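Engineer: As a plain string of letters, each chain reads:
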Amino acid sequence: MSAKTRMIEVRQNVLKQNDVVARALRQRFREAGVFVVSMVSSPGAGKTALLEKTLTLLRPQFRVAALVGDLATENDAERLARSQAPVKQIVTGTVCHLEAAMVQSALEGWKLDGLDFLFIENVGNLVCPASYDLGEDLRLVLMSVTEGEDKPLKYPTIFNSADVAVITKIDLVDAVEFDAAAANCSIQAVRPGMTVLNVSAKSGAGMDAILGFFRTQRDVARIVAVSENDGAFAAPGN
Amino acid sequence: MHELSIAMSIVDLAQEESERRGGVQIKAVHLRLGLLSGVVKEALLSSYEMACEDTSLQGSRLVVEEVPVLVFCRQCDEQRPVHSTQMFCCSECGTPTGEVVQGKELLVVGLEVEE
Chain B
162 MSAKTRMIEV
172 RQNVLKQNDV
182 VARALRQRFR
192 EAGVFVVSMV
202 SSPGAGKTAL
212 LEKTLTLLRP
222 QFRVAALVGD
232 LATENDAERL
242 ARSQAPVKQI
252 VTGTVCHLEA
262 AMVQSALEGW
272 KLDGLDFLFI
282 ENVGNLVCPA
292 SYDLGEDLRL
302 VLMSVTEGED
312 KPLKYPTIFN
322 SADVAVITKI
332 DLVDAVEFDA
342 AAANCSIQAV
352 RPGMTVLNVS
362 AKSGAGMDAI
372 LGFFRTQRDV
382 ARIVAVSEND
392 GAFAAPGN
Chain G
2 MHELSIAMSI
12 VDLAQEESER
22 RGGVQIKAVH
32 LRLGLLSGVV
42 KEALLSSYEM
52 ACEDTSLQGS
62 RLVVEEVPVL
72 VFCRQCDEQR
82 PVHSTQMFCC
92 SECGTPTGEV
102 VQGKELLVVG
112 LEVEE
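Those protein sequences? They're chains B and G, same order as listed.
When you read off a place in the first sequence, starting at 1, and then add 161, the result is the number in my numbering.
When you read off a place in the second sequence, starting at 1, and then add 1, the result is the number in my numbering.
Hint data in this document are derived by calculation from the structure and do not stem from the laboratory.
Each hint should be verified, as a subset may be incorrect.
In silico lysine to any residue, SDA-like type, Cα no more than 25 Å apart, as pairs [said to hold, decoys possible]:
| id | chain 1 | residue 1 | chain 2 | residue 2 |
| --- | --- | --- | --- | --- |
| 1 | B | Lys315 | G | Gly95 |
| 2 | B | Lys214 | B | Leu358 |
| 3 | B | Lys315 | G | Val65 |
| 4 | G | Lys28 | G | Leu5 |
Just the calculated beta-carbon pair ranges, DEER-fashion [to be verified]:
| id | chain 1 | residue 1 | chain 2 | residue 2 | range |
| --- | --- | --- | --- | --- | --- |
| 5 | G | Leu46 | B | Val357 | 34 to 40 Å |
| 6 | B | Val357 | G | Glu100 | 17 to 23 Å |
| 7 | G | Arg62 | B | Ala343 | 32 to 38 Å |
| 8 | B | Ala242 | G | Asp78 | 48 to 54 Å |
| 9 | B | Leu333 | G | Gln26 | 42 to 48 Å |
Since the structure is predicted, the reported quantities are computational estimates derived from the model, not experimental observations.
Glycine included, each C-beta is placed from N, C-alpha and C at the ideal position.
Build the full structure now, drawing on both the sequences and the hints.
Structural biologist: Rendered as structure tokens:
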């Protein structure tokens with residue numbers, strides 16, 4: 162530092178704006194009682210296929226909806242509309258990830274208390290989405306069996322930002338000689354204790370387990386929300 | 002590649018701080034950058050130069066302090082560095098741990114201004 166300058170101390174999170182919006186969204190989701198699951202992966206790992214199957218299978222019992230992010234085209238929204246669930250496309254233009262504000266504006270006019278589950282499919286990208294909180298309850302990171310078992314080691318940050326890993330396209334395990342133990346090793350190295358689910362949206366293998374997992378997580382979140390409310394009411398008497 | 006939008010946020014933030022302090026001239030912005038922030042230092046530095054163009058920060062420097070990852074090791078009951086971001090275990094006893102306590106920072110911590 163030269164003699165002519167002085168240092169002003171500040172402490173400002175660069176992503177403060179995103180975090181403020183994400184916190185507000187999380188609060189809104191909680192009040193509405195909707196459980197929000199986001200999905201990140203590389204392009205082509207099977208987010209849309211898993212989402213289509215999930216929406217179709219959950220819809221008879223639950224009120225479900227989805228937001229899907231892509232740089233261009235409405236193809237995914239059109240594909241997901243086949244599930245009959247409400248779906249909205251977020252076209253990001255040149256932006257390589259979703260931000261909380263995009264989710265917020267996509268939800269304008271939506272009655273969230275009319276939903277049990279909301280799914281958010283991020284832009285296919287294993288780098289940038291890691292930095293942005295979207296207000297979701299649960300973040301899934303998907304990797305397909307065709308991608309190589311060491312994917313988590315190459316992209317540790319996104320695996321670290323996610324809650325659950327989902328290995329997709331397991332109907333192709335034999336064809337590509339996928340080594341499940343090695344993949345699990347990579348995942349556990351970058352995120353010890355991470356839950357790993359295996360699924361094939363095409364054959365339906367593993368779908369029961371993943372849907373059961375979503376239901377359980379939603380129940381847990383509701384119990385936590387209720388007990389926190391009780392805590393808030395109890396606090397003044399302490 | 003989201004470093005340009007991050008750099009633009011840094012410039013906005015610094016300009017706001019400068020205005021709040023009567024328009025002081027900023028010579029450098031000091032940033033703490035966690036190794037798990039998802040932001041690449043080199044890409045951020047070149048993006049910063051672009052983001053500063055035609056603003057009051059043109060010609061200013063971005064000084065990046067990289068922040069290593071620390072995890073909480075239950076075995077040692079201590080905060081410890083990790084072996085590497087490919088191996089989340091305690092660097093002392095080797096116990097795997099995913100409890101990150103430091104390393105996700107993306108914080109502006111100081112502004113160097115003209116006297």
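Engineer: Give a verdict on every hint.
Structural biologist: Results for each hint:
In summary, the hint linking Lys315/B to Gly95/G is supported, as the alpha carbons are separated by about 21 Å, within the 25 Å threshold. The hinted pair formed by Lys214/B and Leu358/B meets the criterion: a straight-line CA distance of about 15 Å does not exceed 25 Å. A hinted pair counts as satisfied when its Cα atoms are at most 25 Å apart, and Lys315/B with Val65/G qualifies at roughly 23 Å. Distance check on the hinted pair: Lys28/G and Leu5/G sit about 20 Å apart at the alpha-carbon level, within 25 Å; holds.
The hinted window of 34 to 40 Å between Leu46/G and Val357/B holds, with their beta carbons roughly 37 Å apart. Taking the beta carbon of each, Val357/B and Glu100/G are about 19 Å apart, inside 17 to 23 Å as hinted. Arg62/G and Ala343/B have their C-beta atoms about 44 Å apart, which leaves the hinted 32 to 38 Å range violated. Judged by the Cβ atoms, the range 48 to 54 Å given for Ala242/B and Asp78/G holds: they are separated by roughly 53 Å.
A hinted range of 42 to 48 Å for the beta carbons of Leu333/B and Gln26/G is inconsistent with their spacing of about 59 Å.
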